[in-house]
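Work the whole structure out from these sequences, hints included.
Using our numbering, the first residue of the sequence shown is number 368, and each one after it goes up by one.
What the hints contain is simulated information worked out from the structure, not anything from laboratory work.
As the structure is a computational prediction, the values presented were derived from the model and not from experiment.
One should not assume that every hint holds.
Cβ-Cβ distance ranges computed for the label pairs, FRET-style [said to hold, decoys possible]:
1) 484 - 463: 51 to 61 Å
2) 454 - 493: 13 to 23 Å
3) 446 - 370: 42 to 52 Å
4) 374 - 423: 40 to 50 Å
No more than 16 Å apart at the CA atoms, straight line, and that leaves these computed lysine to aspartate or glutamate pairs for EDC-like [stated by the list, open to error]:
5) 426 - 455
6) 453 - 440
7) 495 - 450
8) 442 - 372
9) 505 - 440
10) 453 - 432
11) 505 - 462
12) 505 - 455
13) 426 - 462
14) 457 - 470
15) 494 - 450
16) 495 - 455
17) 442 - 507
18) 495 - 470
19) 442 - 470
20) 478 - 462
21) 494 - 455
22) 457 - 504
23) 458 - 470
24) 442 - 504
Note that CB positions come from ideal geometry on N, CA and C, so glycine has one too.
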Amino acid sequence: MAILDVFKTKPAKSGQNEKKTEKEISGDVKIAKEEKNAPIIEKKAGKKDFSQIAARILKAPHITEKAINMGQDNKYVFKVSPEGNKSEVKKAVSELYGVNVVDVNIINIPKKKRRLGQNQGFKSGYKKAVVTLAEGEKIETGI
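Okay, here's the thing in C-alpha coordinates:
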(Lines of atoms letter the chains of each structure in order from A; the text may use other names.)
(Lines give C-alpha, C1' and ligand atoms only; values in the text may rest on other atoms or scores of the structure.)
Protein backbone atom coordinates (compact mmCIF):
# COMPACT_ATOMS: atom_id res chain seq x y z
CA MET A 368 0.00 0.00 0.00
CA ALA A 369 1.42 3.34 -1.03
CA ILE A 370 -0.20 5.20 1.85
CA LEU A 371 1.68 3.26 4.52
CA ASP A 372 5.03 3.60 2.75
CA VAL A 373 5.46 6.95 4.48
CA PHE A 374 6.05 5.22 7.81
CA LYS A 375 8.69 2.82 6.51
CA THR A 376 12.30 3.78 6.99
CA LYS A 377 14.27 3.92 3.79
CA PRO A 378 17.89 2.72 3.69
CA ALA A 379 20.34 5.61 3.74
CA LYS A 380 22.41 6.06 0.60
CA SER A 381 26.14 6.30 1.06
CA GLY A 382 27.47 9.85 0.82
CA GLN A 383 24.30 11.65 1.91
CA ASN A 384 24.75 11.30 5.66
CA GLU A 385 28.28 12.69 5.73
CA LYS A 386 28.81 15.52 8.17
CA LYS A 387 29.52 18.92 6.69
CA THR A 388 32.60 20.84 7.65
CA GLU A 389 32.33 24.17 9.44
CA LYS A 390 32.99 26.11 6.23
CA GLU A 391 30.16 24.39 4.42
CA ILE A 392 27.79 25.03 7.34
CA SER A 393 28.74 28.72 7.51
CA GLY A 394 28.22 28.94 3.74
CA ASP A 395 24.69 27.58 4.17
CA VAL A 396 24.02 30.17 6.88
CA LYS A 397 25.26 32.98 4.64
CA ILE A 398 22.95 31.85 1.85
CA ALA A 399 20.03 31.75 4.26
CA LYS A 400 20.85 35.26 5.50
CA GLU A 401 21.02 36.58 1.93
CA GLU A 402 17.58 35.12 1.21
CA LYS A 403 16.16 36.90 4.26
CA ASN A 404 17.30 40.26 2.86
CA ALA A 405 15.00 39.84 -0.14
CA PRO A 406 12.35 42.58 -0.42
CA ILE A 407 9.20 41.71 1.49
CA ILE A 408 5.86 43.25 0.55
CA GLU A 409 3.97 44.27 3.68
CA LYS A 410 0.37 45.32 4.11
CA LYS A 411 -0.21 48.83 5.35
CA ALA A 412 -1.40 48.82 8.94
CA GLY A 413 -3.71 51.82 8.48
CA LYS A 414 -5.91 50.20 5.85
CA LYS A 415 -8.38 47.55 7.06
CA ASP A 416 -9.78 44.75 4.98
CA PHE A 417 -13.24 45.77 3.73
CA SER A 418 -14.82 42.51 4.82
CA GLN A 419 -13.90 43.28 8.44
CA ILE A 420 -15.50 46.71 8.31
CA ALA A 421 -18.61 45.51 6.49
CA ALA A 422 -19.05 42.50 8.79
CA ARG A 423 -18.73 44.68 11.88
CA ILE A 424 -21.04 47.49 10.73
CA LEU A 425 -23.64 46.09 8.31
CA LYS A 426 -25.91 43.34 9.64
CA ALA A 427 -28.38 42.79 6.79
CA PRO A 428 -30.50 44.67 4.27
CA HIS A 429 -33.78 45.79 5.87
CA ILE A 430 -36.40 44.36 3.52
CA THR A 431 -39.89 45.82 3.85
CA GLU A 432 -42.42 47.10 1.35
CA LYS A 433 -41.45 50.69 2.13
CA ALA A 434 -37.73 49.93 1.76
CA ILE A 435 -38.32 48.25 -1.61
CA ASN A 436 -40.23 51.30 -2.84
CA MET A 437 -37.37 53.54 -1.67
CA GLY A 438 -35.06 51.54 -3.98
CA GLN A 439 -36.66 53.32 -6.94
CA ASP A 440 -35.24 56.60 -5.58
CA ASN A 441 -31.72 55.10 -5.21
CA LYS A 442 -32.21 54.70 -1.44
CA TYR A 443 -31.41 51.40 0.28
CA VAL A 444 -32.05 50.46 3.91
CA PHE A 445 -29.68 48.34 6.05
CA LYS A 446 -29.79 47.11 9.63
CA VAL A 447 -26.65 48.44 11.25
CA SER A 448 -24.61 47.68 14.36
CA PRO A 449 -25.49 49.96 17.31
CA GLU A 450 -21.88 51.22 17.36
CA GLY A 451 -21.92 52.16 13.66
CA ASN A 452 -21.98 55.80 12.57
CA LYS A 453 -22.63 57.54 9.25
CA SER A 454 -19.05 57.61 8.02
CA GLU A 455 -18.47 53.91 8.82
CA VAL A 456 -21.72 52.91 7.11
CA LYS A 457 -20.79 54.96 4.04
CA LYS A 458 -17.34 53.36 3.86
CA ALA A 459 -18.70 49.83 4.40
CA VAL A 460 -21.41 50.09 1.72
CA SER A 461 -19.12 51.71 -0.85
CA GLU A 462 -16.38 49.10 -0.36
CA LEU A 463 -18.68 46.07 -0.12
CA TYR A 464 -20.93 46.85 -3.09
CA GLY A 465 -18.54 49.06 -5.10
CA VAL A 466 -20.94 52.00 -5.40
CA ASN A 467 -20.71 55.75 -4.80
CA VAL A 468 -22.64 56.70 -1.64
CA VAL A 469 -24.02 60.26 -1.64
CA ASP A 470 -25.79 60.41 1.75
CA VAL A 471 -26.47 58.31 4.85
CA ASN A 472 -29.31 58.82 7.33
CA ILE A 473 -29.34 56.90 10.63
CA ILE A 474 -32.55 55.92 12.44
CA ASN A 475 -32.63 54.44 15.96
CA ILE A 476 -35.64 52.18 16.55
CA PRO A 477 -36.27 51.95 20.32
CA LYS A 478 -37.14 48.73 22.16
CA LYS A 479 -40.86 48.20 22.82
CA LYS A 480 -42.81 46.49 25.61
CA ARG A 481 -44.65 43.32 24.67
CA ARG A 482 -47.02 41.25 26.83
CA LEU A 483 -48.42 37.76 26.62
CA GLY A 484 -50.79 37.25 29.56
CA GLN A 485 -48.88 38.04 32.73
CA ASN A 486 -45.50 37.69 31.06
CA GLN A 487 -43.96 40.96 30.06
CA GLY A 488 -40.91 41.37 27.85
CA PHE A 489 -39.30 43.64 25.34
CA LYS A 490 -38.96 43.58 21.59
CA SER A 491 -35.34 44.57 21.03
CA GLY A 492 -34.57 47.85 19.36
CA TYR A 493 -32.11 48.29 16.51
CA LYS A 494 -30.41 50.85 14.34
CA LYS A 495 -30.98 51.20 10.62
CA ALA A 496 -29.34 53.30 7.94
CA VAL A 497 -30.91 54.74 4.80
CA VAL A 498 -28.16 54.96 2.17
CA THR A 499 -28.60 57.22 -0.87
CA LEU A 500 -26.57 56.24 -3.94
CA ALA A 501 -25.39 58.35 -6.86
CA GLU A 502 -27.60 58.58 -9.94
CA GLY A 503 -27.55 55.43 -12.08
CA GLU A 504 -26.05 53.09 -9.45
CA LYS A 505 -27.88 50.11 -8.00
CA ILE A 506 -27.37 47.44 -5.34
CA GLU A 507 -28.62 43.91 -5.90
CA THR A 508 -30.03 42.84 -2.52
CA GLY A 509 -31.53 39.57 -3.76
CA ILE A 510 -35.18 40.61 -3.86
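Restraint status (C-alpha distance of residue 505 to residue 455 at most 16 Å): violated (20 Å)
Straight-line alpha-carbon gap residue 494 to residue 450, limit 16 Å: holds (9 Å)
Agreement of residue 453 and residue 440 with the hint, judged by alpha carbon distance not exceeding 16 Å: violated (19 Å)
Restraint status (C-alpha distance of residue 495 to residue 450 at most 16 Å): holds (11 Å)
Residue 457 paired with residue 504 [C-alpha distance capped at 16 Å]: The hint holds at about 15 Å.
Proposed proximity, residue 455 with residue 494 (alpha carbon, max 16 Å): holds (14 Å)
Holds or violated: residue 505 to residue 462, with C-alpha atoms at most 16 Å apart: Answer holds: residue 505 to residue 462 is near 14 Å, not above 16 Å.
Pair hint residue 442 and residue 470, alpha-carbon separation not exceeding 16 Å: This hinted pair holds, its Cα atoms lying about 9 Å apart.
Restraint status (C-alpha distance of residue 453 to residue 432 at most 16 Å): violated (24 Å)
Status of the given 42 to 52 Å range, CB of residue 370 versus CB of residue 446: Hint holds: Cβ distance 50 Å, inside 42 to 52 Å.
Residue 457 paired with residue 470 [C-alpha distance capped at 16 Å]: Given pair residue 457, residue 470 holds - Cα atoms ~8 Å apart, limit 16 Å.
Straight-line alpha-carbon gap residue 458 to residue 470, limit 16 Å: holds (11 Å)
In terms of the numbered hints stated before, the structure departs from hints 1, 6, 8, 10, 12, 20, listed from lowest to highest.
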